[in-house]
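*Asks:* Got chain A sorted already, so can you dock chain B onto it with the hints?
Number of protein chains: 2
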Amino acid sequence: MREAPGTPLTYGGAGVPRGLVAESLRELLAEIRYRAPPKSGRPLPLRGHYAGLLRIGAVTLAVTTDTVGTKTILAEQLGRWEEVGEDLVAINVNDLASVGARPAGLVDTISVAHPDPAVFRALGRGINRGLARARCSLLGGETAVVPELLRSTDLGATAIGFFPPGRRPVTGARIRPGDLLLGIPASGLHANGFTLARRIVAKSGAPLAEPRPGATGSLGEEMLTPTRTYVEASEVAAALPTTTGLAHISGGGVRNLIRLNARVRFTLDAWPEPSGIFRWLAEAGGIGSEEMFQTFNMGIGFVIATRASGAEELRRRWTRAGLRDAQVVGRVERGSGVHLPHLGLSYDRYA
Amino acid sequence: MREAPGTPLTYGGAGVPRGLVAESLRELLAEIRYRAPPKSGRPLPLRGHYAGLLRIGAVTLAVTTDTVGTKTILAEQLGRWEEVGEDLVAINVNDLASVGARPAGLVDTISVAHPDPAVFRALGRGINRGLARARCSLLGGETAVVPELLRSTDLGATAIGFFPPGRRPVTGARIRPGDLLLGIPASGLHANGFTLARRIVAKSGAPLAEPRPGATGSLGEEMLTPTRTYVEASEVAAALPTTTGLAHISGGGVRNLIRLNARVRFTLDAWPEPSGIFRWLAEAGGIGSEEMFQTFNMGIGFVIATRASGAEELRRRWTRAGLRDAQVVGRVERGSGVHLPHLGLSYDRYA
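Chain order of the listed sequences is A and B. First residue of the first sequence? That's 1 in our numbering, and the numbers climb one at a time after it. First residue of the second sequence? That's 1 in our numbering, and the numbers climb one at a time after it.
Derived from the structure by calculation, the hints contain no laboratory data. Treat the hints loosely; a few may be bogus.
No copy is singled out in the list; a pair is fine if it fits within one copy or between any two copies.
Said to hold, decoys possible - Simulated pairs of lysine to aspartate or glutamate, EDC-like, Cα-Cα distance not exceeding 16 Å:
(1) Lys203 to Asp325
(2) Lys39 to Glu235
(3) Lys39 to Glu232
(4) Lys39 to Glu221
(5) Lys39 to Asp269
(6) Lys203 to Glu27
(7) Lys203 to Glu235
So that you can see chain A by itself, here it is in the shape it has in the complex:
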């Protein structure tokens, strides 16, 4: 969903001033003032969040939409499409997971300049794997063959989820000082920051077909690793009343936490040392920590805010569900924004 309009470096490098993106969005949203009558369903207010909520009869739906972005350019370079197929599902269901909704259905849009059956087969395999991980049905899709519009392949999807009986949306509004922040590791870069990451690789001259220093698989494969799916982690957490917030660390990096609640401070004083690929990108590109943490997930793909009193039970339930790699990454304090004290970093705004 309408995420942070990128990072200064990313857009700056592409000749797109970040302010122009924000201004464009303001202009768009200022014009969309129509309010539908109650017989058309009732949207629930949740501005700037990961998903839109819609009440129809006794059911509350969550809806989110996102594209894989320029990670498809790497897929094309490597001739591998399963990974981005899986990404397409994962990035959307992880946004549903960020409001505590259970994924139910997905529709995809595959836009290509030229159709290649082998590419579609690989995409299908990846999408299927993503659906299985999220326990989500494919409801349909659209294929657009538009060589005049596209330079490369564009992958988008919309996911629809719902709140099972007895479960309410987890919005972050109840987060308060004293809550703990637990993080679940990312599988890699996921599908964010690729415009910058590809530029760093190109500048460094590092070959995609060989491992970076300290890695085993090739750099290309390492970067292409599909986005981890956090649906199960969210399902377990959202069932506990002590869970107060859920955040997919997607475009915008740790700043995503501000989407949950702007009236508390997220102090990430136990964020683990980022894994090798992030350290390598920072070094190879000469990118500072401030830029790295607001562009990439930096090793943690999903953050859960919980009352300190509920953390033990949450970990117990995750362990029963086979999820053993969650760790404390910080805590909630009085104040606002996101703070990484050991790095001297502070972010005030999501976008």
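*Replies:* Only chain B this time, still in chain A's reference frame:
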């Protein structure tokens, strides 16, 4: 939703053999075999139709997704974006209308090479108008600034609808010989066939800024006219048990009727003379009727199948709702496919 993979001329001209598109889709769908457990909601089978259906608790949802396609290239040439903004909503809610679902929510994806606040403002105005016509809420969206992926602007959306208490999906399965086919006029080309239409205009040398022979507004404006919204027409029709089918005449032209029911023949023996823009395109491009009727809506944007016994009541209700331009365009017979006897045309397959 995954529509007819275009027309031979269109794709042939662009160097994309139509068979390759169909083969790519087959490969994709063959890989997507995952079936979610019942606790994730229950998809209802409706293969090849306008929308996917999903049952959650007591609510049945309809979901559809579509892009404006290359009509955005015309918008860019003319520097006018309100019309395609309205199209983006209309093409999606019209697909919901084709299963008798009431639109509730929409999410959009606006992908651009460079953000332009004035373009976004105009798009917002058009989207807002489309939402108002469909009585639908905007639930969110995604903005992608991806100059490396895009040559031009790509507009996609997903619409979610539902069936109010007492209403069941209108799938076309109950259509039988003897049913009447009523048609509601299109506002123009809508958002289909633009790759071909733009090629004809370019070949003819006709200036977009001047009217074609016999028209008043400029050719560009005439082509850009937004897609008519058929939500109200469908709402009225879907409430009657005598309504057996609803069809948005979108990509694939009259062949869309085959999506409703492959075991009856749709005989369009009263199809009105297509309006001026269609006649002009056929003449200027030297395009035969077979190609025209399987690419463009040919003046009728929505077709309703009804028991003959229900036609009068349907027209009465439409009139009460202010809808007065529906007309009989044909009837259902034994057989299969779509037949236009006065033109000697037959279509056996949707795609």
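*Asks:* Now, for every hint given, state plainly whether the structure supports it.
*Replies:* Taking the hints in turn, this is what the structure says about them:
Taking identical chains as interchangeable, the C-alpha atoms of lysine 203 and aspartate 325 are never at most 16 Å apart, the minima being 34 Å within one chain and 62 Å between chains. Taking identical chains as interchangeable, the C-alpha atoms of lysine 39 and glutamate 235 lie at most 16 Å apart only when they sit on different chains, with a minimum of 12 Å there against 30 Å within one chain. In this homomeric assembly, lysine 39 and glutamate 232 come within 16 Å of each other (Cα to Cα) only across copies, at 13 Å, whereas the closest approach inside a single copy is 34 Å. In this assembly of identical chains, lysine 39 and glutamate 221 lie within 16 Å of each other by CA distance neither inside one copy nor across copies; the values are 49 Å within and 35 Å between.
Taking the shortest Cα distances, lysine 39 and aspartate 269 never come within 16 Å of each other, neither inside one copy (48 Å) nor across copies (38 Å). Taking the closest pair of Cα atoms, lysine 203 and glutamate 27 never come within 16 Å of each other, the shortest separation being 36 Å inside a single copy and 37 Å across copies. In this homomeric assembly, lysine 203 and glutamate 235 never come within 16 Å of each other (Cα to Cα): the closest approach is 41 Å inside a single copy and 57 Å across copies.
Comparing the model with each earlier hint shows violations of hints 1, 4, 5, 6, 7; every other hint is respected.
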